[in-house]
Amino acid sequence: MTSHVLTDAEVALAALSSLTALTPRQLRLALAKVDPCTLWADISSGSSMNLSMIVPGQHEDAAREATAFDVDKLRATLTQLSIRVLATHSADTPDRLRDDESRPPAIFLRGDQSLLTQRMVAIVGTRRATAAGRATATELAEQLSAAGVIVVSGLALGIDTAAHRGAMSQGSTVAVVGCGLDRCYPTRHQELFDEMCEHHLVLSEWPPGISPAPYRFPMRNRLIAALAELLIVVESDSTGGSLITAREALDRGREVMAVPGSPRVATSRGTNALIRDGATPVTCVDDVIQVLGITHISVQQTSPVAGLHETSIEIVHLLKGEALTLGQIVDRLSMPIGETVIVMSELVQRKIISETNGWFELAGSMLVSGEEP
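Anchor point for the sequence shown: position 21 equals 21 in the numbering used here, and the numbering is continuous, going up by one each time.
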């Protein structure tokens, strides 16, 4: 990436975004009339010339806040972390976001800003994802990235992380976060966050110094919906942030797609409900490629159960519907426990199934690829 020289306008825009006395809508309206440097100077001096959209009491509050604000510290932070600040009404903002009625006045960027100009698909899902769900998100992201599509998600645990990592293995990804870009949330993703800031793109509507808070994540979700031309929900319970993102996408006229799953699995309740209500099912990456209108040759993969003996295939079929304990598997197959353990150890070693706290589940993608056993 080429180096970026921070401008006074960017610093002023970041400072304006840090003021709590102005609502985002008020700041958007003011920035439509005057440049950030002039607006900051007006507010700092107590002038109301360009703030006709706010009530008189807010003028004093904004002036007091601006006077006490440490602009030099903000400039140092932006410079040190190579954070760019982009006004969302500017020509550099993607049309999908610039035309959005609920867009923030500014966005903060770390990484490759050119990714904003490319086609984007959002992949989201639950933090409490199954192994199969994570594998599905990874596979979708890998193949979409290989087709030249940027994958956008929210850097959360579970499906989001799997999507980012899958995209990074073949192309590029964008993370939209719910805090300032001077910190990583969740903290366990620090290494992933650093790599994305260096080689991909991390985006926020919040200036440095803003910590994560519950109400900021639904706001983050609306940005994901605004940036992407279509949204894929891989796994979701009947409530949660993924369904909020889906509603935000539908409100914007975006295509919503969902990966179907077993009705016996809690993390498929939300995706199955979306499909019931009209979302397009995703059974393979070509379902998405077709909606995008991209010329693409279907990627055929060898079935992960190819070459397995009959007992192993029976276990795989059992786990397609739900996670089971060893005891439940033994009971349903009526097999000696010793023989069952040997067979399941082979499946775990081949990463066809996984075990968590005594429960076994499929570890492979839920997408259709290759021949079914």
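These are calculated hints, taken from the structure and not from any lab test. The beta carbon of each residue, even a glycine, is placed where N, CA and C say it ideally should be. Be aware that one or more of the hints could be misleading.
[Claimed, not checked] With beta-carbon atoms standing in for the labels, derived distance ranges:
1) D251 <-> R64: 34 to 42 Å
2) G46 <-> L6: 24 to 32 Å
3) L6 <-> N357: 47 to 55 Å
For D251 and R64, compare the CB-CB distance with the range 34 to 42 Å and indicate the outcome.
Between D251 and R64, where Cβ atoms are some 37 Å apart, the hint holds.
Take the C-beta atom of G46 and the C-beta atom of L6, compute their distance, and say whether it sits inside 24 to 32 Å.
27 Å, holds
When you take the CB atoms of L6 and N357, is the distance between them in 47 to 55 Å?
48 Å, holds
When the structure is compared with the earlier hints, no violation turns up for any of them.
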